[in-house]
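Participant: Quick note, the sequence shown lines up with residues 1 to 267 if you use the numbering used here.
Calculated directly from the structure, the hints in this document are not laboratory data. This structure is a prediction, so every number in the text was calculated from the model and none was measured. All C-beta atoms, glycine included, are put in the ideal place defined by N, C-alpha and C.
Estimated spans, in silico, between C-beta atoms of each pair:
#	residue 1	residue 2	range
1	N88	S251	37 to 47 angstroms
2	Q89	L198	27 to 37 angstroms
3	L198	H120	18 to 28 angstroms
4	D115	G22	37 to 47 angstroms
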Amino acid sequence: MKSQLLILSIFLSVFISYAQVGINTVSPNATLQINATNSSSPGRSDGILIPRVDNFSVIEPLPAQDGMLIFVSGDGTPEKGFYYWDSNQSTWIPLNRKRHYVGELYEGGIVYHVDEDGQHGLIASLNDLGSSVSWGLSGVDVNNCEDFIDGATNTASIISAGGPAGSAAGLCNAYAAGGFTDWYLPALIELKQMADALVTINPILINDGNPLTVPVDVGGTASTSGFYWSSTEGNATFARNYTFTYFDANSSQKWQTVNRVRAIRSF
Numbered sequence: 001m002k003s004q005l006l007i008l009s010i011f012l013s014v015f016i017s018y019a020q021v022g023i024n025t026v027s028p029n030a031t032l033q034i035n036a037t038n039s040s041s042p043g044r045s046d047g048i049l050i051p052r053v054d055n056f057s058v059i060e061p062l063p064a065q066d067g068m069l070i071f072v073s074g075d076g077t078p079e080k081g082f083y084y085w086d087s088n089q090s091t092w093i094p095l096n097r098k099r100h101y102v103g104e105l106y107e108g109g110i111v112y113h114v115d116e117d118g119q120h121g122l123i124a125s126l127n128d129l130g131s132s133v134s135w136g137l138s139g140v141d142v143n144n145c146e147d148f149i150d151g152a153t154n155t156a157s158i159i160s161a162g163g164p165a166g167s168a169a170g171l172c173n174a175y176a177a178g179g180f181t182d183w184y185l186p187a188l189i190e191l192k193q194m195a196d197a198l199v200t201i202n203p204i205l206i207n208d209g210n211p212l213t214v215p216v217d218v219g220g221t222a223s224t225s226g227f228y229w230s231s232t233e234g235n236a237t238f239a240r241n242y243t244f245t246y247f248d249a250n251s252s253q254k255w256q257t258v259n260r261v262r263a264i265r266s267f
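Just need the whole structure built from these sequences, with the hints factored in.
Facilitator: What follows is the structure in structure tokens.
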């Protein structure tokens with residue numbers, strides 16, 4: 001009995017000292033090392049099964065569980081795949097999520113702005129919705145329509161104020177592409193962000209092989225070339241536009257001035 005206890009004590013001492021576990025190997029090189037039974041011809045049981053769940057737990061993991069890994073086995077929401085818990089963000093992060101990029105043809109348009117996480121950004125339509133379009137609503141000071149970054153809210157305000165169907169906002173609001181109908185007239189800074197990506201997106205729009213795809217206009221002899229309406233209102237008489245010819249913002253009369261229009265949407 002004493003000899004058995006001695007052997008057990010020695011085993012536990014070695015295990016605790018080295019704290020390394022090897023499966024299919026007697027000399028692990030890490031805290032845990034798992035080798036296949038035959039690396040050149042693995043069997044169907046060679047692998048690791050991470051805990052499989054149909055959905056996320058309704059109770060959030062603790063901070064000490066930061067990095068915990070699960071596999072969602074169901075289809076739908078959440079999407080099937082591996083996820084790890086990020087305690088700083090208090091959310092499950094997918095391991096296999098795709099990072100989007102500027103110039104990607106995606107969801108009916110071309111991506112021209114991407115957030116740092118690569119998951120969200122802005123998409124421009126593949127062509128202009130018009131080349132000689134008025135802003136409309138001359139003499140009307142539209143409420144909640146002066147935002148420089150939120151074109152979706154600006155556009156909704158213009159439509160609510162009676163913006164005509166053929167106006168810049170009206171064309172964008174009615175536009176549909178790629179199965180999406182949430183397009184809108186970009187705010188001024190959203191147009192500036194498009195200008196920042198012009199060197200990337202225009203060559204793709206020129207060379208994608210689609211005759212219906214048109215690059216962003218950067219100027220020419222026509223007075224309206226290179227000028228695009230934004231949804232950012234100045235006052236009852238003027239609205240902001242952006243020129244891709246000079247990469248500059250301007251104010252123009254809503255009704256008398258005609259400019260180009262390109263719709264965008266967020267994702």
